[in-house]
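Student: Heads up: the protein sequence lines correspond to chains P and W, in order.
Heads up, the first sequence is in our numbering, so the first residue is 1 and it goes up one at a time.
Heads up, the second sequence is in our numbering, so the first residue is 1 and it goes up one at a time.
No wet-lab data here; the hints were simulated from the structure.
Note that beta-carbon positions come from the ideal geometry of N, C-alpha and C, so glycine has one too.
One should not assume that every hint holds.
One side only, chain W facing chain P, incomplete, derived with CB under 8 Å [stated by the list, open to error]: (1) Gly77; (2) Glu94; (3) Val112.
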Amino acid sequence: MAESDKIEYRPISVREALTEMKDLSEIMIDLAYSAALFNSHELAEEVLELEKRVDYLAYIIDMNTMLAARDAEDAKHLTAVITVAAATNKISDAAADIASIVLKDIGIHPIVRKAFEQVEERLARAIVKPNSILVKKKLGDLELAAKIGVDVIAIRRHLEWIIDPSEGERILEGDVLIARGAPHGVDELKALAAGEIKEME
Amino acid sequence: MALTEEHFKKIVDKLVFMKDTSELMIDLAYSSLLLNSRALAEEVEALENHMDDLHTDFELLVLSSGFKPEESKDFLGLIRLGVVTEEIADAAMEIADVVLRGLEPHPILRLVIEEAEETVTRVTVSKTSTLVGKKIREAQIQEETGMWVLVIRRGTWWLRPRPDTVIKAGDVLIAAGYAEGEADFEALASGVKEPVKQEE
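Same shape as in the complex, but just chain P (with noise of 0.2 Å):
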């Protein structure tokens, strides 16, 4: 197993802090489920990369908060702060759960998956390649949402989470595009991703 990263204290925003981690872990949730209906690895282990930047800001608040009290009174307010954080930190557990059943190919049972499957929107990951046509471009401009029916949700790059990307963001080589939207529409996304098929139709 690899060696787990070392934490060091750094001064941060508590309140940006919770709400990266609140949204993370609601985007996990929907991630894993996803990973467990289509039996995807890749999105399983999206999930388990969510989990490390969530235990890391889960310390981080922890130590923040601790710094934040003067007093009695501070201790009891900030009590909610460790307790929610706690609490989201294990929400974010549990989707890494889900991401284990996938992985270790425990399996869901096909039949349930049928079920699931009615859902008409999906999650998906594109790897963005040197020779694909979106590097560098905006988000915006790309209008993914009208040409294809697909929402980019999140991006990962390197160790960096760029969640609700705004329109403005670009994107560049190595990106990894986290989509929600129709199956055929993701899967466009995923060749336009890997450069092969360079124009929308």
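Put chain W on the given structure of chain P with help from the hints.
Tutor: Okay, now just chain W, sitting in the frame of chain P:
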């Protein structure tokens, strides 16, 4: 004994219901914090107790399905998914517990949750409400108020609203939507007045 389709449908329905319930609980729990609302926190608590029963029923259904040894891995996957929905429900309960224990939520928490535009509210349908006796489809709640009903509590039962579900007096409706619709929704359910219709 071969697994009947009917039995399997029951298992899937139960799982979907547990998944939906656990997600509803998270929404409600965050909302209870945001509004420092005991009422919403109590709903989370009630749902948590309900979840425990659902989970036991679900596990019994899976275990009694008469699967073959070679299918056991697939069924383990089902059991594990059930456990996960329970974990999520527990996490929601921990969040709601902050409110139930009177730990006043720190202003930071309010800011974090407020970034979401949606709000969740609950109302009890009074005898005089125009909703009584109407099917969800006819009630036009979303059209009138912009709020949509997530779940209906009737005594100790929880119902998922379907177009054909008939609303009864005493039902507790839990709804989500944009904050502006909340007052209209409460007026509609409490029967205080007809909702204000927007003039076109």
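Student: Please write out, lowest number first, the hints stated earlier that are contradicted by the structure.
Tutor: Violated hints: none; all satisfied.
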